[in-house]
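S.K.: Start from chain X and add chain P according to the hints.
What follows is each chain in one-letter form.
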Amino acid sequence: MRILSSKIGIVVFLALSVIVIFPGRALAYLDPGTGSFIFQTILAVVLGSLFALKVFWKRIRLFFKNILTKNNVGGKAD
Amino acid sequence: MGKRIRNGLVSGSFRDPSGFLFYRDGRLYRQVNNIYRDNYDLLMNSGLYRKLVGERLLISHVEIDDWDSLAVDAYKIIAPESISFISYPYEWCFGQLKEAALTTLRIQKYALDFGMSLKDSSAYNIQFVNCRPIFIDTLSFEKYREGSPWVAYGQFCRHFLAPLTLMCRKDIRLNQMLRIYIDGLPLDLAGKLLPRRTWLKFSLLTHIHLHSESRKRFADRPAKNKKRQISRRALFAIIDSLEQAITGLRWKPANTEWADYYSETNYAPESLTRKKEIVAEYIEAINPPMVWDMGANTGFFSRIASAKGIETISFDFDPACVEVNYRECVKNGEANILPLLLDLSNPSPNIGWANRERMSLGERGPADLIMALALVHHLAISNNLPLFRIAEFFKENCRALIIEFIPKNDSQVRRLLATRDDIFPRYTKEDFEAEFEKKFTIVRSDKIPDSERTLYLMTANDE
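Residue numbers (my numbering), protein chains in the order written: chain X, 1 to 78; chain P, 1001 to 1463.
The shape of chain X in the complex, shown without the other chains (with noise of 0.2 Å):
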């Protein structure tokens, strides 16, 4: 999960990354914290989505896990 969660990371980022480097204009007089209130909302989503991912794929594992101790259980009782 950890490897699938940083490699999700990884091309997310990439993504955002020209998104967000691509130069724009810098100037400084404006307020400053607008970029701070921006990146969060990027970051909000990214963040979010990868904690989504990551209940979805403990889903995942805990249903065949489920399947598996069943099966198993299943053969211990033929």
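What the hints contain is simulated information worked out from the structure, not anything from laboratory work. Backbone N, C-alpha and C define an ideal beta-carbon position, used for all residues, glycine too. Do not rely on the hints blindly, as some may be mistaken.
Stated by the list, open to error - The calculated lysine-lysine pairs, modelled on BS3-like cross-linking and capped at a C-alpha distance of 30 Å, are:
#1 P:Lys1331 with P:Lys1276
#2 P:Lys1408 with P:Lys1438
#3 X:Lys58 with P:Lys1201
#4 P:Lys1192 with X:Lys54
#5 P:Lys1252 with P:Lys1276
#6 P:Lys1395 with P:Lys1429
#7 P:Lys1395 with P:Lys1447
#8 P:Lys1408 with P:Lys1429
#9 P:Lys1119 with P:Lys1201
#10 P:Lys1143 with P:Lys1252
#11 P:Lys1109 with X:Lys58
#12 X:Lys54 with P:Lys1201
What the hints assert, rightly or not - Computed beta-carbon distance windows for the label pairs:
#13 P:Leu1200 with X:Leu53: 20 to 30 Å
#14 P:Asn1383 with X:Leu53: 38 to 48 Å
#15 X:Thr41 with P:Leu1200: 22 to 32 Å
#16 P:Ile1180 with X:Lys65: 47 to 57 Å
#17 P:Val1330 with X:Lys65: 50 to 60 Å
#18 X:Leu53 with P:Asp1171: 31 to 41 Å
#19 P:Ser1382 with X:Thr41: 49 to 59 Å
#20 P:Gly1115 with X:Thr41: 18 to 28 Å
#21 P:Asn1007 with X:Ser49: 54 to 64 Å
#22 P:Asp1073 with X:Ser49: 42 to 52 Å
#23 X:Ser49 with P:Gly1054: 32 to 42 Å
Claimed, not checked - Computed far set for chain P versus chain X, every beta-carbon distance over 10 Å:
#24 Tyr1049
#25 Ile1064
#26 Leu1235
#27 Asn1350
M.R.: Just chain P, lined up with the frame of chain X:
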């Protein structure tokens, strides 16, 4: 300390319209303005105040109900718990700044649990009491609005994450940049100074490098993007991610010139024991409420004072010594001692707006007692400071002084002179006593056995 009776506004307390700090007859008060009324009531009634004070994360206060002349815009006057010595982030070692950062995040999480959020996350809102970080700005909490981002996120990265990363990934001395950038390190500057490999670390890539690029890119596009929403869960995810980033930063003091000082000095064990006894006797003779130990190294002699229940500030200019000293305090749960980073040849100045926002070292004094053990030869010989200027400095900063004189024939001084011309004909015991007696009265002096060194107890002369 507080023998200097203070009155009037605290000069660093002006940015926040929610209220301000002021002194009356030497006691510190905070006015809560009407504009902050709802937030103050929410802090007090939601259970957040009780939770934070209970966990020693926020200083307690009492409401003063019978204040004589309440201003029109005032909602309440509160008296916060007093803090004996105010210190600043550029005086903290790595471990102290890291703990301050984690404390700020812990507070923000509790605040969100109680429906509030920190509206600023300045490192100056943290102080050290009994060696533990505590939040001192009671008016920093505001009602959390569902969907809104953490308004203090950028400030947190500038005040804590960027300097800590630079200290641990580049050079420990870079915390001194906080002395220049009073609202935290600009992220683009931190990004330029950091090694390229920090781009490969997820937390540093996001919170420093991409964050900085985002600030540049969106600087000219304000309002419409602010409408975006962040769920509470995502907000916790961001705070968790910051917490992981900070926790992952580690620095270990090693191989410094000073951290092994006591094992390398030319003291015989009996001499060191005798020196300790003399210092203890001198401290008892003065019995001061507060001691500043200048050039304290890892706090060996500071602990003689702190063990007697005296508030002791243990200053040294070596980040490794301060770190070792701080870790010792944390490990043993020591109270009364605060290790701080300070270069005595260039002590903390007044900085900030009108040079009045953050106090110089001198403004936080004078100390009841200063200890300057094995220090004068460094000031006089390594820094070319004439003895009368050293005496003048101590006179301005303390009422009593424990000072050690180490003559030229001592091996430590010989070492300092080994690589330079001896341009110090007036560095003698007689000249030392003559210069100091212009400012102080020598109450006692004792020669340390089996050494060339002499200890003095002096009290400042009345002007």
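S.K.: Work down the list of hints and note, for each, if the structure agrees.
M.R.: Evaluated hints:
1. P:Lys1331 with P:Lys1276: Since the Cα atoms of Lys1331 (chain P) and Lys1276 (chain P) sit roughly 23 Å apart, the hinted pair holds (cutoff 30 Å).
2. P:Lys1408 with P:Lys1438: Between Lys1408 (chain P) and Lys1438 (chain P) the Cα gap is close to 22 Å, so the pair holds against 30 Å.
3. X:Lys58 with P:Lys1201: It holds: about 25 Å lies between the C-alpha atoms, which stays within 30 Å.
4. P:Lys1192 with X:Lys54: violated (33 Å)
5. P:Lys1252 with P:Lys1276: holds (29 Å)
6. P:Lys1395 with P:Lys1429: holds (19 Å)
7. P:Lys1395 with P:Lys1447: holds (23 Å)
8. P:Lys1408 with P:Lys1429: Status holds; Cα separation ~9 Å.
9. P:Lys1119 with P:Lys1201: Since the Cα atoms of Lys1119 (chain P) and Lys1201 (chain P) sit roughly 28 Å apart, the hinted pair holds (cutoff 30 Å).
10. P:Lys1143 with P:Lys1252: violated (39 Å)
11. P:Lys1109 with X:Lys58: At roughly 25 Å apart (the allowed maximum being 30 Å), Lys58 (chain X) and Lys1109 (chain P) satisfy the hint.
12. X:Lys54 with P:Lys1201: holds (20 Å)
13. P:Leu1200 with X:Leu53: 20 to 30 Å: The hint (20 to 30 Å, Cβ to Cβ) holds, given that Leu1200 (chain P) and Leu53 (chain X) are roughly 21 Å apart.
14. P:Asn1383 with X:Leu53: 38 to 48 Å: Distance hint for Asn1383 (chain P), Leu53 (chain X) is violated at roughly 59 Å.
15. X:Thr41 with P:Leu1200: 22 to 32 Å: holds (25 Å)
16. P:Ile1180 with X:Lys65: 47 to 57 Å: holds (56 Å)
17. P:Val1330 with X:Lys65: 50 to 60 Å: Hint violated: Cβ distance 42 Å, outside 50 to 60 Å.
18. X:Leu53 with P:Asp1171: 31 to 41 Å: holds (38 Å)
19. P:Ser1382 with X:Thr41: 49 to 59 Å: holds (53 Å)
20. P:Gly1115 with X:Thr41: 18 to 28 Å: holds (21 Å)
21. P:Asn1007 with X:Ser49: 54 to 64 Å: holds (56 Å)
22. P:Asp1073 with X:Ser49: 42 to 52 Å: With a Cβ separation near 46 Å, Asp1073 (chain P) and Ser49 (chain X) satisfy 42 to 52 Å, so the hint holds.
23. X:Ser49 with P:Gly1054: 32 to 42 Å: Given range 32 to 42 Å: holds, Cβ gap about 36 Å.
24. Tyr1049: Non-interface label stands for Tyr1049 (chain P): nearest chain X Cβ at 27 Å, farther than 10 Å.
25. Ile1064: holds (35 Å)
26. Leu1235: Its Cβ does come within 10 Å of chain X, the nearest being 7 Å, so this is violated.
27. Asn1350: holds (25 Å)
Going through the hint list in order, the structure does not satisfy hints 4, 10, 14, 17, 26.
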